[in-house]
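Colleague: Spelled out, the chains give:
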Amino acid sequence: MQRIGVFVCWCGSNIAGTVDVQAVSDALQNEPGVVFSTNYQYMCSQAGQDIIKNAIAEHKLTGIVVCSCSPRMHEATFRKTAAAAGLNPYMVEIANIREQCSWVHKDMPTGTEKAIILGKAAVAKVNLNAPLKPGESPVTKRALVIGGGIAGIQTALDIAEAGFPVDIVEKKPTIGGKMAQLDKTFPTLDCAACILTPKMVDVAQNENIRIFSYSEVEEVGGFVGNFDVKIRKKARFVNEDICTGCGICTEKCPQKKVPNEFNLGMDNRRAIYIPFAQAVPKVATIDADYCTMLKTGKCGVCSKVCTAGAIDYTQKDEIIEEKYGAIVAATGFNPISMDKFDEYAYNQSKDVITSLEFERLTNAAGPSAGKLVRPSDGKHPHTIVFVQCVGSRCAACAEKGKEYCSKICCMYTAKHAMLTRDKYPDTDVYVFYIDVRTPGKAFDEFYRRAVEEYGVHYIKGMVGKVSPEGDKLMVQASDLLANKQLHIEADLVVLAAAIEPDKSARPLATQLTASMDTNDFFTEAHPKLRPVESPTAGVFLSGTCQGPKDIPETVSQASAAAAKVIGLLAKDKLTGNPCVAGSDELMCNGCSSCERVCPYGAITYVDKEFRMPDRTTRVRRVASVNEAVCQGCGACTVACPSGAMDLKGFATKQIIAEVDAICR
Amino acid sequence: MQKVTCDTLVAKACELLENGTVDRVLGWKNGEFVYDVTPALFTTVDDIKSEFVFNDFCGANFSKYLIEETRKTESKVLVFLKPCDTYSFNQLLTEHRFDREKVYAVGIPCEGMADITKVKAAAGDGITAIKAEGENLVISTLYDDDKAVACADVLAERCVVCKSKKHVAYDELLGEDGDVIDSNRFDEVEKLEAMTEDERFAFWQNELSRCIRCNACRDVCPACTCEKCVFDNPESSVVNKAISDSFEEKMFHIIRAFHVAGRCTDCGECSRVCPQNIPLHLLNRKFIKDINSFYGEYQAGAEAGSRAPLVDYTTEDIEPTDAVLKGASDNA
Amino acid sequence: MNNSTENLQKEIIRSSGVNPKKCMRCGKCSATCPAYDEMEYHPHQFVYMVENGDIQPLLESKSLFQCLTCFACIERCPRGVEPAKLVEAVRLAVIRKQGANHLKADDIPALLDEDMPQQAIVSALRKYSK
Amino acid sequence: MQINGEFQPKIVAFCCNWCSYAGADLAGNNRLAYPENVKIIKVPCSCRVNPMFILRAFQRGADGVILCGCHPGDCHYTSGNYYTRRRMALLFSMLNYLGIEKERTRVEWVSAAEGAKFAQTMNEFTEAVAALGENKRLEDLRCKK
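Residue numbers (this note's numbering), protein chains in the order written: chain A, 258 to 921; chain B, 294 to 625; chain C, 3 to 132; chain D, 38 to 182.
FYI, nobody ran anything at the bench for these hints, they're computed from the structure.
All values derive from a computational prediction rather than experimental measurement.
Every residue, glycine too, gets a C-beta built ideally from N, C-alpha and C.
Keep in mind that a hint or two might mislead.
Partner residues aside, some chain C positions facing chain A, computed with beta carbon under 10 Å [stated by the list, open to error]:
#, residue
1, Lys24
2, Cys35
3, Pro36
4, Gln68
5, Leu70
6, Thr71
7, Ala74
8, Glu77
9, Gly82
10, Val83
Taking the hints into account, I'd like the entire structure generated from these sequences.
Modeller: This is how it looks when you write it as structure tokens:
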């Protein structure tokens with residue numbers, strides 16, 4: 258049996274004006290477990306707190322009920338008071354008789370009666386309270402960043418700057434991501450490579466950063482502060498430590514017909530390659546799908562020309578195991594496939610291209626060395642049609658497009674149109690749009706400049722059809738403002754394809770037990786207040802894996818995620834919320850219902866041996882809650898049919914006791 | 294009349310026992326009366342040959358027995374599963390309740406089981422023998438001459454509205470597999486929904502007040518497989534072993550149905566075993582019907598590993614207030 | 003909007019099963035429409051006008067019968083609005099008007115020309131021969 | 038419960054800690070009156086509310102039970118109230134199927150900023166339950182004084 262002390266606060270006249278505080282403390286005196294009951298003008302004052310402390314000592318109290326203002330106001334205060342007097346702070350319960358009683362009721366007798374009932378409910382609960390101790394777990398002071406695009410790069414640099422070691426896992430042979438493929442960046446039009454490649458070099462040179470390129474996350478275990486990660490370092494058949502990146506092998510390799518993915522297949526590379534000149538790490542990689550030596554055992558040219566002796570045809574995948582305190586997902590995006598958009602003739606004409614392909618076409622390091630030419634015949638295009646929202650805002654068919662707005666297309670299309678007109682004033686440039694969405698610093702000004710200074714024809718309406726006729730592309734579109742149907746003879750059509758999360762994100766989310774939305778974007782812990790954290794503790798989100806973003810936004814989110822990681826790694830120990838779920842193993846059925854509703858992936862299953870009454874042992878599958886990860890929502894407690902799962906601080910028994918006290 | 298004969302099952306059981314595939318067989322044997330067929334565990338060929346029965350009274354769903362049975366030894370147990378039993382079988386697998394490797398499941402076709410209450414109503418009391426002949430059951434009683442009743446007329450309610458003749462899980466199938474049936478199993482629920490609140494209350498008051506809290510419905514239910522039921526657990530605050538007031542049985546039945554909501558395969562065992570003939574399946578079916586209409590068609594057990602509707606959500610789900618309106622036509 | 007227009011609007015929305023509010027005004031329906039130049043009101047305008055209850059001009063417009071019902075607009079609409087179904091519903095509203103039967107079966111041969119698609123003739127016969 | 042010959046319903050309100058409990062506090066801060074009949078029980082999230090709690094309240098003589106949580110999409114725990122929504126939709130539909138008046142149960146989403154909505158909801162709910170009279174259908178006769 259508890260020894261409970263009840264402390265009724267007057268809150269000056271705030272409570273005492275509507276509630277007979279003496280009657281409340283008298284009535285609660287007779288409740289089961291209550292050994293002391295009093296009232297005072299200001300319980301939260303030093304004098305009031307001293308009353309509580311003295312009573313704890315004098316009456317050997319094991320539990321405390323304070324009838325006062327909302328627990329949101331002073332629960333923390335009274336818990337500290339109790340702790341100072343040697344009582345477990347979770348033995349304190351507050352009956353809210355101010356905000357939820359004296360302030361909303363006017364009549365003294367009924368107000369007093371309600372205050373007594375609220376007090377009784379709190380006493381009933383404290384009778385069943387148990388001392389709680391927050392769990393502690395150590396923190397491994399190392400972070401893992403998955404994805405080496407601008408988001409991952411920025412996050413890693415910021416974390417490393419704060420003095421913590423960081424590993425970047427990038428599945429491609431080089432870091433850099435999509436930004437490395439871009440030509441110029443809006444709204445300032447500086448070249449992407451000029452601002453990105455120095456950062457890539459910083460990453461390579463930073464002592465706190467390790468890059469695992471051509472690698473993928475294989476397995477994730479553990480929890481916040483203590484993740485165990487297995488990384489698969491794919492065989493690149495080149496010894497990274499020896500390769501100097503001189504590139505001779507990539508010139509001598511006889512296998513010349515490999516589609517160059519860096520240029521989106523618009524030209525070819527060799528079977529041994531370095532994706533681009535500024536690649537980091539700048540080492541060659543052998544594409545096993547095309548290498549004649551690896552396929553037939555005959556060739557070995559690269560090995561012969563390599564003066565460093567870096568080629569190793571026997572190299573195998575390597576598994577690296579490492580511990581991390583925090584993990585950042587920065588898996589990025591890809592443009593969606595245009596295969597389902599027959600109306601735009603993407604698969605019929607080489608001269609219908611996506612915007613990312615346009616970036617490569619205009620990039621000085623691209624397949625045409627920066628000269629804007631038609632991919633089909635290498636001729637200079639005179640009429641270019643840009644189509645926006647291709648596959649974005651497409652709610653009709655999930656297989657075809659995406660319901661969301663891809664956010665970046667309006668701006669990059671304006672950029673493409675502007676740059677084209679700037680470099681080739683003899684071209685006619687049309688942009689078909691549904692809405693032009695340009696919120697952002699200096700964004701709308703940028704778009705207006707494309708129209709006003711560069712003479713880009715912006716037409717409200719969509720393109721209905723593109724049909725190749727001879728070497729021209731007939732574009733049929735509507736001009737909604739002029740209420741006309743247009744027929745434009747174009748030389749080049751550029752589709753602003755919607756963007757979608759990289760395909761690796763879904764399996765990664767499963768490994769991380771991080772949640773995703775229906776579009777496979779990572780879900781944030783709170784859409785407004787915790788936008789860079791995943792609901793899974795210790796997992797953070799950087800860049801477009803969380804939602805469509807442009808570069809400035811990606812970089813700010815990347816730094817924000819880094820700040821969160823640094824905040825976590827700076828701690829020596831993590832103190833948890835003690836009000837967490839716990840499973841009674843004797844009653845658990847192992848049915849997985851709780852695991853399925855847990856938003857944090859805090860529940861796992863273990864096979865455990867139980868001794869039966871007849872002295873035999875039996876192995877059963879039972880739920881186990883990771884207290885460091887559980888946030889204490891209680892969803893599992895209701896999903897559990899056997900009642901094995903309960904929530905500390907809000908136990909089924911406690912809540913039922915409150916219900917009973919109120920309905921008594 | 295069942296399409297698969299007792300002899301076929303006996304032969305199959307003996308074969309699997311003799312070739313060492315299994316070392317135990319879950320089957321049926323006669324109880325005190327001929328219609329009182331009870332589940333039994335056989336371990337020898339002799340026992341099977343002498344005691345194993347299969348007829349129109351073999352309604353028991355063996356899925357639940359597998360939980361205990363598979364824990365006993367490392368070897369396999371043979372279980373015969375009617376189509377509706379296979380759904381429970383899958384559902385238990387979804388919930389990791391037994392080790393699939395330790396079971397050899399033989400699917401058997403089912404033409405629907407007879408309801409002894411209906412048989413008695415048709416043929417009178419004092420039944421001494423029941424024989425299946427073609428489409429009829431020939432019933433001998435102490436008092437009268439033998440009487441033939443059509444099997445179709447004495448089918449159990451759950452078989453009249455059978456939802457599926459298709460086996461969704463098995464290692465081996467005897468006879469041919471059937472199809473999922475578009476049954477009208479929700480008709481009775483709809484009838485209740487069309488009543489007024491007062492009429493519904495009167496209906497359920499009448500039904501549930503007969504409950505004697507024998508717990509048979511819970512004990513037979515293949516979804517009620519908790520290691521310890523909340524109603525048996527003194528720590529749960531709702532422990533209650535017997536009816537003690539006008540609400541207790543409602544609390545029990547609502548919570549029981551809620552605990553199996555989204556997991557209940559509608560096998561109908563609860564109503565079959567109720568000694569008071571309370572139509573408990575109408576509670577479960579209400580949940581199933583609501584789930585189908587609120588969240589899209591879902592058949593528990595149709596697919597092992599599927600996500601039950603109550604541990605799932607969409608951001609566009611129906612609001613509870615609208616759900617109540619949608620759930621009962623008199624509210625419209 | 004007066005009562006009868008509002009009823010008519012409701013009826014058209016109901017019978018077509020189309021929710022014009024889903025339209026985001028991209029105009030892809032009109033961009034894709036092969037009969038665009040023949041029509042006084044174009045597919046996107048149909049959607050917009052029905053949404054706003056501006057039904058009367060549609061009822062009186064010849065555009066109704068210039069729609070080929072080729073369903074290109076339905077196929078291409080990114081929001082699943084289905085303008086052709088709306089056109090069809092307005093068309094039906096006109097046809098169902100008492101005593102306003104525009105077309106008799108006997109009149110059809112005289113109206114045919116070589117460019118008219120087979121589909122249009124069949125659907126016209128189906129619709130107007132009652 | 039009868040006061041001055043007038044029926045006073047007993048109402049139990051479950052409020053989630055992050056939104057609705059704060060909304061109730063805001064109603065208090067703004068002195069927005071609602072009936073004394075309403076007694077609030079704090080839970081971390083609406084998804085902590087077990088159907089057993091609701092039935093228990095009715096069993097012990099409550100005349101109405103209302104559950105308040107964050108608006109869908111705003112749950113502090115991201116998905117808790119989505120589960121609540123499904124559970125309560127099914128439970129309330131079942132209670133109504135058993136003949137329990139649908140006005141006795143309610144789920145309302147109240148944010149921390151919606152003090153006025155909280156007070157208004159409680160006024161409406163109390164009025165609706167009072168109009169139904171005593172809850173005879175779901176109470177436990179043993180617990181009646």
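Colleague: Determine for every hint whether it applies to the structure shown.
Modeller: Hints, verified against the model:
1. Taking 10 Å as the C-beta contact cut-off toward chain A, the hint placing Lys24/C at the interface holds, the least distance being around 7 Å.
2. With its C-beta approaching chain A no nearer than about 7 Å, Cys35/C sits inside the 10 Å limit, and its interface hint holds.
3. Interface restraint check for Pro36/C: the shortest CB-CB distance to chain A comes to about 9 Å, inside 10 Å, so the restraint holds.
4. About 13 Å separates the beta-carbon of Gln68/C from the nearest beta-carbon of chain A, more than 10 Å, and the hint is not met.
5. Interface restraint check for Leu70/C: the shortest CB-CB distance to chain A comes to about 14 Å, outside 10 Å, so the restraint is violated.
6. Interface hint at Thr71/C: violated, since its Cβ lies 17 Å from the closest Cβ of chain A, which is beyond the 10 Å cut-off.
7. For Ala74/C, the shortest C-beta to C-beta distance to chain A is roughly 8 Å, which falls under 10 Å, so the interface hint holds.
8. Proximity of Glu77/C to chain A holds as hinted, the smallest CB-CB distance being about 8 Å (cut-off 10 Å).
9. Interface hint at Gly82/C: satisfied, since its Cβ lies 3 Å from the closest Cβ of chain A, which is below the 10 Å cut-off.
10. This hint holds: Val83/C has a C-beta 8 Å from the nearest C-beta of chain A, less than the 10 Å allowed.
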